[in-house]
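Participant: Residue-level listing of the chains:
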Amino acid sequence: MDLNYSVEEQAFRAELRLFLAEKLPPEMADAVREGRGLGKEDYERWHAILNQRGWLAPNWPREFGGCEWSAVQRHIFEEECARAHAPRIVPFGLSMLAPVLQKFGSKAQQDHYLPRILSGQDWWCQGYSEPGAGSDLASLKTKALRDGDHYVVNGQKTWTTLGQHANWIFCLVRTDPTVKQQAGISFLLIDMDTPGIEVRPIILLDGSAEVNEVWFSDVRVPVENLVGVENKGWTYAKYLLTHERTNIAGVGFSQAGLAAVKRLARSQQHRGRPLIENPHFAARVARVEIDLMAMSTTNLRIVSAAAKGQAPGVESSMLKVKGTLIRQEINDLARRAAGVYAMPFASEAVLGSNEAPIGPDGTAAVAAQYFNNRKLSIFGGSNEIQRNIIAKVKLGGER
Amino acid sequence: MNFELTLERQMMQDSLRRFLSDRYTTQMRNGILDSDAGFSADIWAQLADLGILGALFAEEQGGYGGAGFDIAVVFEELGRAGVVEPLLDSAILGGGLISALGSADQQKLVEQVIEGSLHLAFAHGEPASRYDLQHVETTASQQGDAVTLNGCKAVVVNAEAAGYLITSAREFGAPRDEAGISLFLVPKDAPGLSMRGYPLLAGGRAAEVALDKVTLPVTARLGGAGAGYPVIAERAAAASVALAAETLGAMETATALTRDYLQTRQQFGRPIGSFQALQHRMADLLIELTQARSAVINAAGHLSAAPRLRDLHISAARNLVARVGRLVAEESIQLHGGIAMTQDYALAHIAKRIVMAEHRFGDADYHLETFIDLTA
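These protein sequence lines are chains D and P, in that order. If you count the first sequence from 1, position 308 lands on 628 in the numbering used here, and the numbers rise without skipping. If you count the second sequence from 1, position 357 lands on 365 in the numbering used here, and the numbers rise without skipping.
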């Protein structure tokens, strides 16, 4: 056992800090820190900055232009980016689709799509969820029927994050309705400019519009856009999901969030003293901090095991559940720290303008973030599904 | 013991519930939320016609209710329908303060509140006061027959629609003394008064109010100089009954929507309500909801008790309802899944009402501490 980072890892962290201090645009960091929504150009700009440094694809093998960082390095990278309030790296192309293409895609697909992901030429979104198939993903109904050199796609996807910016979507589609649910699914790459595709925004309860419905009517997709083998899509989907669940603990987000709560609680007065000194509030902050310290190590234990080649299984489900509960508790503490100033609606309009937000620093978006982050325990396989997985593995029996 | 509503309150509850379920649909409410005013003048007039504003005042004040249970019955129904109209601000706070302290002349404003022609706001909280009622830094200085106010007021709900802001200011003492706080009737267009308005996350509007040498005749003072605190505390207690009851009503709606959803939503080939893990969580919500109703009854029944006993029950109810509220809002969203995150679905607004109620007149921790202070 050695709980200290190695000299090389410490040097890596120092290098990252220097890079972030020099290259992360301050106005972008401010927007992230204040919980303001970022625009497409913000994501693209940060994407380009990282690409220029060669740090865009931590998880990719070097042969495809990735960093091939160790799990511990990736963890340090995530931590430092969150600490510096860097925008998140849009994961759909880089860390979801790319590993699937690298493992199951044809040489032609790898050569065509992977460089375009790195350069930012293509913005990918994910076509998994459907209105009738949420956590029960295998019951999806969007169908793709073979017609000569094309598949004809009809159906509807939903919860398509940032789909309004995307020019490509990777979809799970049903290519054989006659077999067992998981057996008749294929993995298809679809150009969003194809006729018959319509993207409709979904306004969420905090007023944001980051998710969409995507409708397909008689959309013709060339057969060369099929990844791997027809009707084997479920295998690729599961492979993708294990990649989606890396970094699921969100330790960096929680650390940044906790620091923000403490900052706010130091500046707010409660019964004539700084809120941070209030025993009830301080106890709740301390409890979540203790949980987070342990989870950070849990996370490192799991990423170290993964680095040694052990596939994370039930552990990633544990990280998903605990990680989201911790993040949501921190969001709740931030809302309470803001007091009455949690009440104003920090609309995009107010925050996007030159007007100062209502209330003290750091209060404007806390309530909206609290509500928006209810999604954390719902998406990517709800926490109920994760608990089912844990129970199934640990207890056996039917789920 | 009798836990039945009186016949009059039963009738009021029935007519208010019928009116709101007919008129205050999700679609209509979403239109109101998007509007510049933040509430519907039409609904306001109809609530006045139904006598709902009158139900919040005693007979000697020109109404026909005003007791804790009248407030609880009305606000439970408002919460059930997710109503954003400012009854708390115009009636319980503004109107209530004038009735408690006002001269015969000032009392005439209460008639206008009850008939629906006048809106009021309570400009009391300040950027540094958080939830403490005695923390007033805004000053009032009297010279002859004139009083001059200086200071800032934070998150003044309904300020833009109000004809008058019932404004607290300190005439003597330190910023956190109970003695020395007075209340003034400040016309919204008083020279030196400026406001920056904005929408609230859970509906309605508020403003940051700045008072820069706002000079009023001394007749604008409500009651005696520096003697406002006990009445402010009493109205804050009434507001707490209203907020707890409103949250109770909203929680009834949230759990009803969730129960229906569990029975209809199909996953893995059967209704999700057939999974025992979800059944047990629904059962827990219903247990807690039953507890919340009892806490609201306790608070409403003690609103006119001596301050110490009153505040003990108020804080117990606010703490319990806030805890149950967070549980119900979060679990209702979780059990629904993604659909509950969408603005168009009724639960989104209801969940926001439940959670954000905690930010007026003290959150769960604040009331926990008050309860400890009163029982230690």
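Hint data in this document are derived by calculation from the structure and do not stem from the laboratory. Just so you know, not all the hints are guaranteed correct.
Said to hold, decoys possible - Each pair of labels, with its calculated beta carbon distance range: (1) D/Ala-349 with P/Asp-57: 51 to 57 Å; (2) D/Arg-540 with P/Ala-285: 42 to 48 Å; (3) D/Pro-345 with P/Thr-147: 40 to 46 Å; (4) D/Val-713 with P/Ser-29: 32 to 38 Å; (5) P/Ala-264 with D/Val-543: 47 to 53 Å; (6) D/Ile-610 with P/Ala-285: 35 to 41 Å; (7) P/Pro-279 with D/Lys-461: 15 to 21 Å; (8) D/Asp-511 with P/Thr-34: 34 to 40 Å; (9) D/Pro-345 with P/Gln-287: 36 to 42 Å; (10) P/Ala-285 with D/His-600: 29 to 35 Å; (11) P/Ala-112 with D/Arg-591: 34 to 40 Å.
To be verified - Stretch-level coverage of chain D by chain P, calculated; a stretch enters the list once three of its residues show a Cβ under 8 Å from a Cβ in chain P: (12) 452 to 462; (13) 480 to 488; (14) 523 to 536; (15) 579 to 593; (16) 685 to 691.
We put the CB at the ideal spot given by N, CA and C, even for glycine.
Participant: For the segment 452 to 462 of chain D, does the count of residues with a C-beta closer than 8 Å to a C-beta of chain P reach 3?
Facilitator: Holds: 5 residues of the segment 452 to 462 of chain D have a Cβ under 8 Å from chain P.
Participant: Just to make sure I understand the rule, a stretch counts as covered if three or more of its residues have a C-beta closer than 8 Å to a C-beta of the chain. Does the segment 685 to 691 of chain D meet that for chain P?
Facilitator: Holds, because 4 residues of the segment 685 to 691 of chain D bring their Cβ atoms closer than 8 Å to Cβ atoms of chain P.
Participant: Holds or violated: the 35 to 41 Å window for the beta-carbon distance between D/Ile-610 and P/Ala-285?
Facilitator: violated, 27 Å
Participant: Are there at least three residues in the segment 523 to 536 of chain D whose beta carbon sits under 8 Å from a beta carbon of chain P?
Facilitator: Per the Cβ count (5), the hint holds.
Participant: D/Arg-540 and P/Ala-285, beta-carbon distance inside 42 to 48 Å?
Facilitator: Because 43 Å falls inside the window, the suggested range holds.
Participant: For D/Ala-349 and P/Asp-57, compare the CB-CB distance with the range 51 to 57 Å and indicate the outcome.
Facilitator: holds, 54 Å
Participant: Between D/Pro-345 and P/Gln-287, is the Cβ distance one that fits in 36 to 42 Å?
Facilitator: For P/Gln-287 against D/Pro-345, whose Cβ atoms are near 50 Å apart, the range 36 to 42 Å is violated.
Participant: Holds or violated: 40 to 46 Å for the Cβ distance of D/Pro-345 and P/Thr-147?
Facilitator: Once the Cβ atoms are compared, 44 Å apart, the range 40 to 46 Å for P/Thr-147 and D/Pro-345 holds.
Participant: Honestly, do P/Ala-264 and D/Val-543 meet the 47 to 53 Å range at C-beta?
Facilitator: Given about 49 Å between the Cβ atoms, the range holds.
Participant: How about the segment 480 to 488 of chain D: do at least three of its residues have a C-beta closer than 8 Å to a C-beta of chain P?
Facilitator: violated (count 0)
Participant: Against the range 32 to 38 Å, how does the distance between the Cβ atoms of D/Val-713 and P/Ser-29 compare: consistent or not?
Facilitator: violated, 47 Å
Participant: In terms of beta carbon proximity below 8 Å, does the segment 579 to 593 of chain D have 3 or more residues touching chain P?
Facilitator: Held - the segment 579 to 593 of chain D has 5 residues with a Cβ nearer than 8 Å to chain P, which meets the minimum of three.
The structure fails hints 4, 6, 9, 13 (numbered hints given earlier, in ascending order).
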